[in-house]
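Just so you know, the sequences run in chain order A and B.
Note that this note's numbering has the first sequence beginning at 6, numbered continuously upward.
Note that this note's numbering has the second sequence beginning at 6, numbered continuously upward.
Check before you lean on any hint, since a few could be wrong.
Any copy, or any two copies together, can satisfy a pair, since identical chains are not distinguished.
Said to hold, decoys possible - Listed below are the simulated EDC-like cross-link pairs for lysine to aspartate or glutamate, each with C-alpha atoms no more than 20 Å apart in a straight line: (1) Lys204 <-> Glu124; (2) Lys204 <-> Asp134; (3) Lys153 <-> Glu124; (4) Lys150 <-> Glu124; (5) Lys204 <-> Glu143; (6) Lys153 <-> Glu210; (7) Lys153 <-> Glu213; (8) Lys150 <-> Glu164; (9) Lys150 <-> Glu210; (10) Lys204 <-> Glu26; (11) Lys153 <-> Asp121; (12) Lys204 <-> Asp163; (13) Lys150 <-> Glu213; (14) Lys204 <-> Asp123; (15) Lys153 <-> Asp35; (16) Lys153 <-> Glu164; (17) Lys153 <-> Asp123.
I should point out that these hints are in silico values taken from the structure, not numbers from a laboratory.
Next come the chains, spelled out residue by residue.
Protein chains: 2
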Amino acid sequence: MATAPSQRARVRRAPARADYERATIDAILDEGLVAHLGFEVDGQPYVIPTLHARVGDTVYIHGSSASRMIRTLTACAPACLTVTLIDAMVLARSAFHHSMNYRSVVVLGQARAVADPDELLVALQAFTDKLVPGRWDEVRRPSSKELKATRALAMTLDEASAKARTGPPVDDEEDYALDVWAGVIPLGLAAGAPVADPKLAAGIEPSEVVTRWRPGGR
Amino acid sequence: MATAPSQRARVRRAPARADYERATIDAILDEGLVAHLGFEVDGQPYVIPTLHARVGDTVYIHGSSASRMIRTLTACAPACLTVTLIDAMVLARSAFHHSMNYRSVVVLGQARAVADPDELLVALQAFTDKLVPGRWDEVRRPSSKELKATRALAMTLDEASAKARTGPPVDDEEDYALDVWAGVIPLGLAAGAPVADPKLAAGIEPSEVVTRWRPGGR
Numbered sequence: 006m007a008t009a010p011s012q013r014a015r016v017r018r019a020p021a022r023a024d025y026e027r028a029t030i031d032a033i034l035d036e037g038l039v040a041h042l043g044f045e046v047d048g049q050p051y052v053i054p055t056l057h058a059r060v061g062d063t064v065y066i067h068g069s070s071a072s073r074m075i076r077t078l079t080a081c082a083p084a085c086l087t088v089t090l091i092d093a094m095v096l097a098r099s100a101f102h103h104s105m106n107y108r109s110v111v112v113l114g115q116a117r118a119v120a121d122p123d124e125l126l127v128a129l130q131a132f133t134d135k136l137v138p139g140r141w142d143e144v145r146r147p148s149s150k151e152l153k154a155t156r157a158l159a160m161t162l163d164e165a166s167a168k169a170r171t172g173p174p175v176d177d178e179e180d181y182a183l184d185v186w187a188g189v190i191p192l193g194l195a196a197g198a199p200v201a202d203p204k205l206a207a208g209i210e211p212s213e214v215v216t217r218w219r220p221g222g223r
Numbered sequence: 006m007a008t009a010p011s012q013r014a015r016v017r018r019a020p021a022r023a024d025y026e027r028a029t030i031d032a033i034l035d036e037g038l039v040a041h042l043g044f045e046v047d048g049q050p051y052v053i054p055t056l057h058a059r060v061g062d063t064v065y066i067h068g069s070s071a072s073r074m075i076r077t078l079t080a081c082a083p084a085c086l087t088v089t090l091i092d093a094m095v096l097a098r099s100a101f102h103h104s105m106n107y108r109s110v111v112v113l114g115q116a117r118a119v120a121d122p123d124e125l126l127v128a129l130q131a132f133t134d135k136l137v138p139g140r141w142d143e144v145r146r147p148s149s150k151e152l153k154a155t156r157a158l159a160m161t162l163d164e165a166s167a168k169a170r171t172g173p174p175v176d177d178e179e180d181y182a183l184d185v186w187a188g189v190i191p192l193g194l195a196a197g198a199p200v201a202d203p204k205l206a207a208g209i210e211p212s213e214v215v216t217r218w219r220p221g222g223r
């Protein structure tokens, strides 16, 4: 089992739930559709939801969601990117032991601005195919003007950790005799049927890339 | 329409998507099952997923997930609590205009430690009933020992803002003629059937409180 890549990346609370294997970290980053990016401006932390996509050892962060974020982070300020998947509600026999089953990844480090047009293109393809794998091949590719308007940040996975809770509730020994139902309610992101843009021209049907898509590849 | 409660709480990017109405803010906080809490330690931002529950003007944050978080934040350090709901993938005709429909709330301020046992009890009830409304009345209430072991933080909603993207993709005018399907794929958290704890005594069935629960009250 891999160990923590740095002292500050080590999971402190409930360390038995920690996992530093890249395969675990990658799977969570790849399944999560939204990341939460943390950074500081004038002594105040901000946490902003944003699209992300992993390419190898790099996580790209879509920059259109907050210009303040981009301004701050392109100055190589420290940042934290967190992706969380909700797997179940955990209903114990006691209020105290109620919990959630989840998987999360925390990436520490500095974010750099992606300036190279070729790398920007890689990031945009990754964002598009992250939403719906194969979508990039169906749509109009970015123009050079759009590439110039695209802001993306990159973080490496050098200081990343995963954490998860799984399984049934854990109650105090004497509570197992209580007449209270206990267990988990599985949770997951589900997709409805695609809804066409009202402006869609007649006769255009969604491709299999779109109709077959399911969250988490399920 | 309400205006931003402070300059720093004002939504900068895409301000037309911002909403400062408490009803909007409350609805998002109440539907979201997990919050992301941002804080700083030694110049490094951290973003930690955690349970939260709103009671009136206060958001309580469940403290068991990170002792470092609790240590830092009970010293009245600035914090940011963000809750994000994913509503749809937005598939445009161009890669550049792909997006997500979402609703999010960002709460800025300082977190105080909840020390009063009566308020801790309020917070624990809120966490429990937030997971499954009505669950508090079914389970064993916290003992005084458990209350002593409970860590909760509180933030007020004085500096909160909501932001949302809704509706179909917005493409460049000339792209509407492209032969590419465009629209949205609705997304939402869905629940599976309750799974009993393997240690559950024979003959105990889940109550209607449990079997009727759906994410977001749907």
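Evaluation of the provided hints:
In this homomeric assembly, lysine 204 and glutamate 124 never come within 20 Å of each other (Cα to Cα): the closest approach is 32 Å inside a single copy and 52 Å across copies. In this assembly of identical chains, lysine 204 and aspartate 134 lie within 20 Å of each other by CA distance neither inside one copy nor across copies; the values are 23 Å within and 43 Å between. Taking the shortest Cα distances, lysine 153 and glutamate 124 sit within 20 Å of each other inside one copy (12 Å), while across copies they are farther apart (52 Å). For a Cα distance limit of 20 Å, the shortest separation of lysine 150 from glutamate 124 inside one copy, 15 Å, qualifies, whereas the shortest one across copies, 55 Å, does not.
For the homomeric pair lysine 204 and glutamate 143, the shortest alpha-carbon distance inside one copy (18 Å) is at most 20 Å, but the shortest distance between copies (50 Å) is not. Taking CA atoms no more than 20 Å apart as the test, lysine 153 paired with glutamate 210 passes in neither setting, with 32 Å inside one copy and 59 Å between copies. Proximity of lysine 153 to glutamate 213 under the C-alpha cut-off of 20 Å is found in neither arrangement, the shortest distances being 31 Å within a copy and 55 Å between copies. Taking CA atoms no more than 20 Å apart as the test, lysine 150 paired with glutamate 164 passes in neither setting, with 34 Å inside one copy and 37 Å between copies.
In this assembly of identical chains, the alpha carbons of lysine 150 and glutamate 210 never lie at most 20 Å apart, being 29 Å within a copy and 61 Å across copies at closest. In this assembly of identical chains, lysine 204 and glutamate 26 lie within 20 Å of each other by CA distance neither inside one copy nor across copies; the values are 46 Å within and 31 Å between. With identical chains, the CA atoms of lysine 153 and aspartate 121 are at most 20 Å apart within one copy only, with a shortest distance of 10 Å there and 54 Å across copies. In this homomeric assembly, lysine 204 and aspartate 163 never come within 20 Å of each other (Cα to Cα): the closest approach is 45 Å inside a single copy and 40 Å across copies.
Within a single copy, lysine 150 and glutamate 213 get their C-alpha atoms no closer than 30 Å, and across copies no closer than 56 Å, so neither meets the 20 Å cut-off. Within a single copy, lysine 204 and aspartate 123 get their C-alpha atoms no closer than 32 Å, and across copies no closer than 56 Å, so neither meets the 20 Å cut-off. For a Cα distance limit of 20 Å, the shortest separation of lysine 153 from aspartate 35 qualifies neither inside one copy, at 26 Å, nor across copies, at 39 Å. In this assembly of identical chains, the alpha carbons of lysine 153 and glutamate 164 never lie at most 20 Å apart, being 30 Å within a copy and 34 Å across copies at closest.
Taking CA atoms no more than 20 Å apart as the test, lysine 153 paired with aspartate 123 passes inside one copy only; the shortest distance there is 11 Å, against 56 Å between copies.
The structure fails hints 1, 2, 6, 7, 8, 9, 10, 12, 13, 14, 15 and 16 (numbered hints given earlier, in ascending order).
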